[in-house]
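With these hints in hand, go ahead and build the complete structure from the sequences.
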Amino acid sequence: MANITFVEASGQSTSVNLADGWNLMQGTIANGIDGILGECGGSCACATCHCYVDESWQDKLPAASESELDMLDNVAAERRPNSRLACQIKATAGLEGLIIHLPATQE
Amino acid sequence: MSASIVIIGAGQAGVQTAEALRAGGFDGSITLLGDEAYGPYHRPPLSKAWLAGEMDSAQLVMRAPEMLARKNIELRTNATVTAINRAAKHVALSDGSTLPYTGLVLATGSTPRRLPLPGGDAQGVFALRSRIDASAIAERMAVCLEKQLPVIVIGGGFIGLEVAATARKKGLSTTVLEAAPRLLGRVLAPVLSDWYADLHRNHGATLVLDARIAAIETDAQNTVTGVRMADGHVYPAGLVVVGIGVAANDQLAQAAGLECDRGIVVDACGRTSDPSVVAAGDCTARRLTDGSLLRLESVQNATEQGKSAAAALLGLEKPFTATPWFWSDQYDKKLQMAGLSMGADQWAVRGDMGGSGDASIAGSFSVYHFKGDKLLAVDSVNASKDHLLARKLLDAGVSPTLAQAGDLGVELAGLLGR
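Here the protein sequences come in this chain order: A and B. Note that this note's numbering numbers the first sequence so that position 26 is 26, with each residue one more than the last. Here this note's numbering runs 1000 ahead of the position in the second sequence, where the first position is 1.
Hints were generated in silico from the structure; no laboratory data involved. Please read all numbers here as calculations on a predicted model, not as lab measurements. Heads up, the beta-carbon is just placed ideally off N, CA and C, and yes, glycines get one too.
As a list, the in silico DSS-like pairs of lysine-lysine whose alpha-carbon atoms are at most 25 Å apart: (1) A/90 - B/1170; (2) B/1318 - B/1392; (3) B/1371 - B/1392; (4) B/1392 - B/1334; (5) A/90 - B/1169; (6) B/1392 - B/1333; (7) A/90 - B/1333; (8) B/1374 - B/1385; (9) B/1334 - A/90; (10) B/1318 - B/1071; (11) B/1170 - B/1333; (12) B/1385 - A/90; (13) B/1170 - B/1147; (14) B/1169 - B/1333; (15) B/1385 - B/1334.
Derived CB-CB ranges, DEER-like: (16) B/1292 - A/99: 49 to 55 Å; (17) A/62 - B/1022: 34 to 40 Å; (18) B/1069 - A/94: 31 to 37 Å; (19) B/1273 - A/99: 49 to 55 Å; (20) A/92 - B/1276: 49 to 55 Å.
Residues from chain B that keep clear of chain A, each with C-beta distances beyond 10 Å, as calculated: (21) 1002; (22) 1081; (23) 1142; (24) 1209; (25) 1214; (26) 1218; (27) 1236; (28) 1274; (29) 1317; (30) 1319; (31) 1331; (32) 1409; (33) 1417.
Have a look at this one:
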């Protein structure tokens, strides 16, 4: 389990405990956090769960797969070096304290 | 009366329409009616990760109740609409109540076709659409594992093949019966149908093409025991999953006198023959500019038509004209399709098709469908970059030549210009 903080584009910040195996897309949606769509249900097929990893965490996450990097080409908001797809990051104890920023748009 | 929009159907299209109405500034009431016991959930994982036991049901949630509440969208579950009264502008619910509307959204989805054969309604024969269907299939798979009973999948389309791949992952003996001479014959090029057949065979599934099924065999309790073929051969089975297509849920619309033709007929903006009524998703048949009707069953179609339908109710025009796209996950292969390949007469393969059976080999490639010189569609396997570029090429109406498409040395992105 990990406690993860999501900061919406409006500035509203919510911290949630995510069980191991849950991905960040599921974590936002199950907790009513705005800013993620996740249209494909977590298949890395739609690029509507774009998020920005807080810079303090950028180098501490497992690297994105080639497929995720390709899909990031298709995100609606600006793609930045810290852009990730939330469905591809799974909660583990190692993510305790992670901070994720959500973009203003996914479409 | 103040503005009130009623949405029939709480799936992908219904939810998208509700949220797009709020995003578009609509401040009247929105009532989202779902006929299932659950709030909105993701259907795509039901045949894949959820069925494989890799995620739990809480992870299927599409929108948490508090998110809908934040957007002032009233969700009613177990709410079945029995009739639409367009003259009075209200819908009737199965509990006897009525609900008035100023705008109505039909997002009623589709229903799997049933097997029109003796024994088609036996215990242990399932289609897959809802969480209840998926739970029943998962329970039956557990029984099959315990008793070492085989699984039969009828229909070599996406749902059937995804279920077959999941069954194989669980170690179940699995046979796919397909009536056509090849898998996914309506959507894929022959070369890719053959590749998928190899993929399944190499993972231990048995494929029977040109399959002629006579009946489902059952025991005295009407529980499935096997599938009998026209030639008399019987494939034993503890579970039969039927994936032979869906029919649009257009009964309410038909009864209300809206134009329907194997789906609720809508224009590119989601408008029906009644200006107060729009429709989105699997239940629709979209009228194209040439007059023909297009039925699509996909997440993208549900979300894009939902946005169009919301705009139409707000008096705006937001036609859905983007290139259709789809995906399917089988084993470790992600198939992503852009465009509609119907009518293609030639194909080019880009990349390396090798290694369909060996999970250790990446096998990343795309098949480009052409009609004459015109690019119609691109099917990509483990090649998301090709897929996304294909969507851009097709949106822009730019066709590479057949030779360019098949030549990895040609950078296709260069054709888009700047």
